[in-house]
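**Student:** Chain residues, written in single-letter form:
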Amino acid sequence: MMQILDAGIGRVIAAVQRNPARHENFIIFTSDNGGEPFSKIWPFVGRKFDLLEGGIRVPQICWWPGRVVAGKVTDQVCITMDLTATCLAAAGVAAAPAYPLDGRDLLPVLSGQAPTSERTLYWRMGNRHQRAVRRAHWKYLKVAEREFLFDLAYDPRERTNFGRKEPALLDELRGLWEIWNREMLPVPEHLTPPMSNLAEMLW
Amino acid sequence: MGGYTGYYTHLGDGGEHDLYEGETPVERQGYVTDMLSERAVALARKRPRRRSRISSASIIPRRIGHGRRPQLKRRRGSARSIGPKSSRADRPASMAR
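Sequences listed follow chains A and B, in order. If you use the working numbering, the first sequence corresponds to residues 219 to 421, in order. If you use the working numbering, the second sequence corresponds to residues 16 to 112, in order.
A hint or two may mislead.
[To be verified] Straight-line distance between alpha carbons at most 25 Å, and here's what the computed SDA-like set of lysine to any residue pairs gives:
hint, chain 1, residue 1, chain 2, residue 2
1, B, LYS61, A, ILE231
2, A, LYS258, A, GLN278
3, A, LYS360, A, THR302
4, A, LYS360, A, SER329
5, B, LYS61, A, LYS290
6, A, LYS258, A, ILE297
7, A, LYS258, B, GLY21
8, A, LYS258, B, LYS61
9, B, LYS61, A, PRO283
10, A, LYS290, A, THR248
11, B, LYS61, A, ALA309
12, A, LYS290, A, ALA313
13, B, LYS61, A, ILE297
14, B, LYS61, A, PRO238
15, B, LYS61, A, ALA233
16, A, LYS290, B, SER70
17, B, LYS61, A, ILE222
18, A, LYS383, A, MET402
19, A, LYS360, A, LYS290
20, A, LYS290, A, ILE279
21, A, LYS290, A, LEU223
Since the hints were derived computationally from the structure, they do not count as laboratory data. None of the values given here were measured: they were computed from a predicted structure.
So here's chain A without its partners, still in its complex pose (with noise of 0.2 Å):
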């Protein structure tokens, strides 16, 4: 399966490489979700419908010689959305006035002209009524009615909840959250299992 994937990989790289212009080719390889089951996600818990990182987390190679340093790995945290805002910066145009993006531009970063950011980045999912927010190295994770505060760079197995001794950063990434749920759309009330309530759940 994996094998199958890598090789139709080599071909379509190779295909986009004979284009004259291949030196402007900006190639990305990410996925979209954590792991499914049996997947390998070490360090992380959780899985794919989880908040956990296990659920968010994916890899993502970014490649682009002469424009996207290479051999890199850096520490920004970065959401798929910012695919968006970079594929149009690589392509010189802007998004349109009416529509602003969500995502951000990571080329400054990939190209070494920019330090890495913090950012702010928000997650609800209808399964369990989760939430998320990630800023910097601290994570608030609500699954149902719990409420976990955790530090990344300290446990990023989320496994040591910070919430009560820290309960005014809980307080302030809640608060956070919903500020930004109120600017999102509203949830549809009837998801059906497993978007409402998946019974392999962690918690």
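Let chain A serve as the given structure and place chain B on it in line with the hints.
**Tutor:** Coordinates of chain B only, in the frame set by chain A:
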């Protein structure tokens, strides 16, 4: 195709035929990951004059859980977007994924 098309059978999760060329159902033989790669290669070989984007979304690694997943709906996509379309089942209420 939906998110859980059979690799060889090209059947969707409800057992329905689930392989399309644009909006037209087609009968093909092959391993679906290879078919998607070949389609992307064919698009790349056309050497478009203008800036273009190919999104090749292979459905692996993924188990095919016939009968266990909700029926998926197909969405209209651009000609250059090949592979499974996003579905409600793939993104329940999450605005981010």
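**Student:** Next, verify each hint and record whether it holds.
**Tutor:** Tested hints:
| no. | hint | in the structure |
| --- | --- | --- |
| 1 | B:LYS61 to A:ILE231 | holds (14 Å) |
| 2 | A:LYS258 to A:GLN278 | holds (16 Å) |
| 3 | A:LYS360 to A:THR302 | violated (28 Å) |
| 4 | A:LYS360 to A:SER329 | violated (36 Å) |
| 5 | B:LYS61 to A:LYS290 | violated (32 Å) |
| 6 | A:LYS258 to A:ILE297 | holds (21 Å) |
| 7 | A:LYS258 to B:GLY21 | holds (22 Å) |
| 8 | A:LYS258 to B:LYS61 | violated (37 Å) |
| 9 | B:LYS61 to A:PRO283 | holds (22 Å) |
| 10 | A:LYS290 to A:THR248 | holds (16 Å) |
| 11 | B:LYS61 to A:ALA309 | holds (19 Å) |
| 12 | A:LYS290 to A:ALA313 | violated (28 Å) |
| 13 | B:LYS61 to A:ILE297 | violated (31 Å) |
| 14 | B:LYS61 to A:PRO238 | holds (12 Å) |
| 15 | B:LYS61 to A:ALA233 | holds (10 Å) |
| 16 | A:LYS290 to B:SER70 | holds (24 Å) |
| 17 | B:LYS61 to A:ILE222 | holds (23 Å) |
| 18 | A:LYS383 to A:MET402 | violated (30 Å) |
| 19 | A:LYS360 to A:LYS290 | violated (34 Å) |
| 20 | A:LYS290 to A:ILE279 | holds (10 Å) |
| 21 | A:LYS290 to A:LEU223 | holds (23 Å) |
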